[in-house]
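With the hints as your guide, set chains B, C and D onto chain A.
Number of protein chains: 4
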Amino acid sequence: MAKKKIKRIAVLTGGGDCPGLNAVIRAVAKTAIAKYQMKVWGVADGYEGLIEDHIEPLSYDDVSGILTVGGTILGSSNKANPFSYLVSPGTRPRDLSDQCLENLRKREIEALICIGGDGTMVSAAAFAKKGLVVMGVPKTIDNDIYGTDMTFGFHTAVNTATEALDKLHTTASSHHRVMIMEVMGRYAGWIALHAGVASGSDVILIPEIPYELDCVAAYVKKRSQKGRRYSIIVAAESAAPRGGKMVVHKEVADSPDPIRLGGIAEVLADELSEATGISCRGVNLGHVQRGGSPTPFDRVLATQLGHHALELLVRGVNNHLVVWKDGRLGSTPLSRIAGKIKTVPKNSELVRAAKAVGTSFGV
Amino acid sequence: MAKKKIKRIAVLTGGGDCPGLNAVIRAVAKTAIAKYQMKVWGVADGYEGLIEDHIEPLSYDDVSGILTVGGTILGSSNKANPFSYLVSPGTRPRDLSDQCLENLRKREIEALICIGGDGTMVSAAAFAKKGLVVMGVPKTIDNDIYGTDMTFGFHTAVNTATEALDKLHTTASSHHRVMIMEVMGRYAGWIALHAGVASGSDVILIPEIPYELDCVAAYVKKRSQKGRRYSIIVAAESAAPRGGKMVVHKEVADSPDPIRLGGIAEVLADELSEATGISCRGVNLGHVQRGGSPTPFDRVLATQLGHHALELLVRGVNNHLVVWKDGRLGSTPLSRIAGKIKTVPKNSELVRAAKAVGTSFGV
Amino acid sequence: MAKKKIKRIAVLTGGGDCPGLNAVIRAVAKTAIAKYQMKVWGVADGYEGLIEDHIEPLSYDDVSGILTVGGTILGSSNKANPFSYLVSPGTRPRDLSDQCLENLRKREIEALICIGGDGTMVSAAAFAKKGLVVMGVPKTIDNDIYGTDMTFGFHTAVNTATEALDKLHTTASSHHRVMIMEVMGRYAGWIALHAGVASGSDVILIPEIPYELDCVAAYVKKRSQKGRRYSIIVAAESAAPRGGKMVVHKEVADSPDPIRLGGIAEVLADELSEATGISCRGVNLGHVQRGGSPTPFDRVLATQLGHHALELLVRGVNNHLVVWKDGRLGSTPLSRIAGKIKTVPKNSELVRAAKAVGTSFGV
Amino acid sequence: MAKKKIKRIAVLTGGGDCPGLNAVIRAVAKTAIAKYQMKVWGVADGYEGLIEDHIEPLSYDDVSGILTVGGTILGSSNKANPFSYLVSPGTRPRDLSDQCLENLRKREIEALICIGGDGTMVSAAAFAKKGLVVMGVPKTIDNDIYGTDMTFGFHTAVNTATEALDKLHTTASSHHRVMIMEVMGRYAGWIALHAGVASGSDVILIPEIPYELDCVAAYVKKRSQKGRRYSIIVAAESAAPRGGKMVVHKEVADSPDPIRLGGIAEVLADELSEATGISCRGVNLGHVQRGGSPTPFDRVLATQLGHHALELLVRGVNNHLVVWKDGRLGSTPLSRIAGKIKTVPKNSELVRAAKAVGTSFGV
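Which chain is which? The protein sequence lines are A, B, C and D, in order.
Mapped onto the numbering used here, the consecutive letters of the first sequence carry residue numbers 41 to 403.
Mapped onto the numbering used here, the consecutive letters of the second sequence carry residue numbers 41 to 403.
Mapped onto the numbering used here, the consecutive letters of the third sequence carry residue numbers 41 to 403.
Mapped onto the numbering used here, the consecutive letters of the fourth sequence carry residue numbers 41 to 403.
Pulled out of the complex, with its shape left as it was, chain A reads as follows:
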């Protein structure tokens, strides 16, 4: 390809927090600066900084020592959609994408690396349509981004949830209780499934497999009759009974990132206590799942994804999402994945393994 070499890039992080963001930023910037002599800019607070022109040079030293640090040194924002931006409350959302492009152009920035979830990728794809060179890096603790088997941050969230479940295990067994832990997963049950298997939870409730309260109650009572006077239940925030609706503790209509104190854990604790006569308690880790230093696995994965994003850019790939698929790095067109969700297959290998070791999915 007779492509002009890209020499000036910008990077942004969008959406909810996710351990490993800094590791990606570091890998992108170090590779760009040291290996390819590029100049790198960091956009503050996701697309908001692109709109507001908060775009600063990012040096090699700026990204040194951030590999193990949770969060993002660039900041993020949840709501900023440059193609439909709410400038002030009560007004109509405006398309500020040209303003964004202008902010890049005046710095002669040739490519934008967008680290984010599905919402971030929808905007990235739209920018690509307008001619911007774009590369996406998938980010979500929920692991529900289509086209990639694994996203960084997921693993750290599973660790945090499993550690909490391990702790609940000892207290539940001493006190003859049912403990229900709600974990994140707005559309998919990946965290609940993995943390549930990893902790040896008795019941796993995920949105992909609507549960029946009677089944859960019967399972818990059967355990109790067998002398196992406690049970651990892990439930995705989006788990719902067959024919019923997902419990939303508090409607936060304008937020893509609502935290629900309560939600499924609280509701189910009440319902199960009544149905079984056994003391049931709910716990919700909330945003704790989004924080902390990434696990070694996530640091390695994030480093690889960031490095690969740069390598693809250099090789002239454009408008793609970097992915980890079938045990290796790759990429897929943003247009193919934007707006889609990867859910847990009802009969996946892991679901079957969980069932084989005695776990109930409430059906």
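Be aware that one or more of the hints could be misleading.
Each computed PhoX-like pair below joins lysine-lysine, with the alpha-carbon atoms no more than 25 Å apart [said to hold, decoys possible]:
(1) C:Lys-79 - C:Lys-146
(2) B:Lys-285 - B:Lys-386
(3) C:Lys-45 - A:Lys-395
(4) B:Lys-47 - B:Lys-170
(5) A:Lys-386 - C:Lys-266
(6) A:Lys-47 - A:Lys-170
(7) D:Lys-119 - B:Lys-75
(8) A:Lys-395 - C:Lys-75
(9) A:Lys-45 - C:Lys-395
(10) B:Lys-146 - B:Lys-169
(11) D:Lys-119 - C:Lys-266
(12) C:Lys-395 - A:Lys-75
Covered stretches of chain B (in silico footprint by chain A; criterion: 3 or more residues with CB under 8 Å from a CB of chain A, positions within the stretch not fixed) [unchecked claim]:
(13) 115-127
(14) 321-327
In short, the hints are calculated from the structure, not lab data.
All C-beta atoms, glycine included, are put in the ideal place defined by N, C-alpha and C.
Positioned in the frame of chain A, the structure of chains B, C and D alone reads:
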């Protein structure tokens, strides 16, 4: 003293779960069996097992390998008061203490070691008045037992809370948020104070220092104006505004161990969001704080307390609580401490240190 | 297939310790007992128990609660090769494989599940040749088993090594030192590579890429001249200089599992101190890398591998190794993998990513 | 007292690394700046920076966010004694203390806060004699500073050692081995004692109680005969046999901070293997014990010590060491503690508790 040597003892664990219970049981049993050739019984599920005659011999092997395990191998119960026991709902509580004594006497058990909190000690003191040789070992993650500077389990709970606060820190700083974490502490703010100082929280709310919402809001806004667009608040579940009442999410009148999904964290998140215009989120770790393997510190403390309880018994001390006071082991009469609570002095060294490094107590 | 259904199986664990062994045993036994109504035996201490007839029934309760526990409830042995067994020192090794088969036959055990490394699989393949139905489950913290992308235990070992490297990082940076950490990996550098990338180590030394001392020294000195007065080096125990030999601290000729206090870390610390004039210190975690509760990832992987082994047996597959390949479960004939080693490709994606973020491989 | 108020202070950190140093620096600086409107300087690399005039202003922002970070932002040095400083190899050490005082005077710095171990305090006391206002804050993971019951960093080191011992436990029990872990403690066995009790180690070897190899061997063999085919031994680096000498792997005569790969663990592993015929392995965590984020306990202790040092200065106390004694903060004249060591009393409560639960001290 011409005391007959004690040769047969029983041990029970009462009240809510607490990391280190097994370490105490192990120290008591190993010291009794190996050093003093005693015979040891374990009472199942706290005073409930004493009433129901669930009392089984405990061997050296039974307590091997349990040092690092959370929970209690004996089981516990929260509600069982032998002097006022609710045999069945709708009936009047009965005094079953003689039945308990008979269950011990028929096994020729001469002394009872009660590991528990204030409720457990009140009953222990009452048994002592009826002539039973009793030794108490203080247990509470809340660290509010009168007469002892430190209780095992407290330290592990502070660790769990601090780890979660550390995680919230990274996500709050990336997303410009106020995070409010509710921690346990029904009557005292020890966990909130220690975890707050350990995590460098910006605001610490404890029941001993009633807060003013305006002060908290002003503090958060001032930080925001200085460019620190996030704040971490840690609140004891029993924290309350000046002149206001403690938030109780759900009245659980019959339970000494209610879990509140929500409570102060949820209420304060709403109030602060409104007062500051900044996005505030609440998290409540709930029973996760009661579980898990004890920290090395708690294992050492629990081992020492258990060992000391036995040594005191052997030396003829009776009706005492083993304590850690002024940097050393000791004991104090149960009658002197039962029914009292140790709260955080408003002007303690640690409160002053916290203020000096910039922490607000909301006043 | 008109195969007779397998109804009686035995399971053994061979070779060095590895976090996740219990998780595999649990998955195998629970699946066999609860899903397929099989009877399960556990063989004590690997092939040694097969020779010595230490084979006991394994119940559902026996494997409950072991998921999170490190080690193996069955015990293991390193040296026992049933086809060449050293009955007593000074005598000639004997082939006791028929005795092993007889010990299985007299219990009517139809199939043997061997969880182990390459040595264990060589014997398993030899038993298969003699007609025994055999299924292998790959186990090694070194991750060097051929035919599988990932083995359980590897991940936990990488975590342990990375946590230690994170700790060395802070002390090295405060004291202007070079810290060299030796990690396990007898034939392959997987742990060093992953822990090195995860910790942001400055230099990674693996046997697949022979290093040059001059390069390492130059790299360290260059960092020092740039004002970074410390460096972290992670070295596989089997790393060796170009043209030189692997450092073996102590010849333990008869042991497949030698621990070397010292080895590469110690030797390199001396050499580098002299070459650079900077204070260099070595650390070797030794067997700490083999212990502890498996990470959530390893618990999930081990559960899946154990479950899949059973499913394959039920479907009539024989003489295979269960593998995790290209992001999914599968299996491969034992004959195809026994005696082979999976090493780090010199130009693998991860090696290139490590180089791109500034890591030296000493060449 | 009609003392002039101190308005300008400097702080330095000396000696080996220790988790919590940054927490002290932060508490000192924040208290000084925000509560007392002082100006604060940081001295680079301990006394070396005082000699070399590397003294820079320290702002409130400089110390924000360092509470949880291991190491010291100021840097440290092990060898620099201003009263006997080796300017260049081969020359005679010189007294550069006047040069140090001049470097402080020219900035009008009125007081120096020295955070360090015994060596640091000896110099601090000598500066005090020359008229400098000095306040010492005790620092050592070894916990052997005279006059204080507890030093920050000790607790974190015990945690690190205990976690490693917990991991060795699982692998030792699966493989029927004796594992010997060497921990730090150059003159005292505090880490070995606490980590040994916390991990339930079978044998604890400390310099205060010279061991007999025969006793250790007999203990291990007795356990083996009882069917417990493994033992865990924790040994302070300075532990020595009765009548024998401490093992020093490598003489590093000029270094107050030698790391010994090998040492007692390696030597004892050889001797015990021979004496018992059981496979014995040694591990030495080395500098890993000095690193990492401080535990919540150490963060709280360090914060309190730093704050108290400032408060004492303000109240006119001079030439003292801040201490934690009998469960509370206090201080003691530097002249009373410099040059002394706090060792483990042979018959301390904790030693007796350890013995009572079955631990051997090798005698």
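Each hint, compared with the structure:
1. C:Lys-79 - C:Lys-146: 14 Å, holds
2. B:Lys-285 - B:Lys-386: 19 Å, holds
3. C:Lys-45 - A:Lys-395: 21 Å, holds
4. B:Lys-47 - B:Lys-170: Judged against 25 Å, a Cα distance of about 20 Å means the pair holds.
5. A:Lys-386 - C:Lys-266: Since the Cα atoms of Lys-386 of chain A and Lys-266 of chain C sit roughly 55 Å apart, the hinted pair is violated (cutoff 25 Å).
6. A:Lys-47 - A:Lys-170: The given pair, whose Cα atoms are some 20 Å apart, holds under the 25 Å limit.
7. D:Lys-119 - B:Lys-75: 48 Å, violated
8. A:Lys-395 - C:Lys-75: 9 Å, holds
9. A:Lys-45 - C:Lys-395: Roughly 21 Å between the alpha carbons, so the hint for Lys-45 of chain A and Lys-395 of chain C holds.
10. B:Lys-146 - B:Lys-169: 20 Å, holds
11. D:Lys-119 - C:Lys-266: Roughly 24 Å between the alpha carbons, so the hint for Lys-119 of chain D and Lys-266 of chain C holds.
12. C:Lys-395 - A:Lys-75: Between Lys-395 of chain C and Lys-75 of chain A the Cα gap is close to 9 Å, so the pair holds against 25 Å.
13. 115-127: holds (count 4)
14. 321-327: Holds: 7 residues of the region 321-327 of chain B have a Cβ under 8 Å from chain A.
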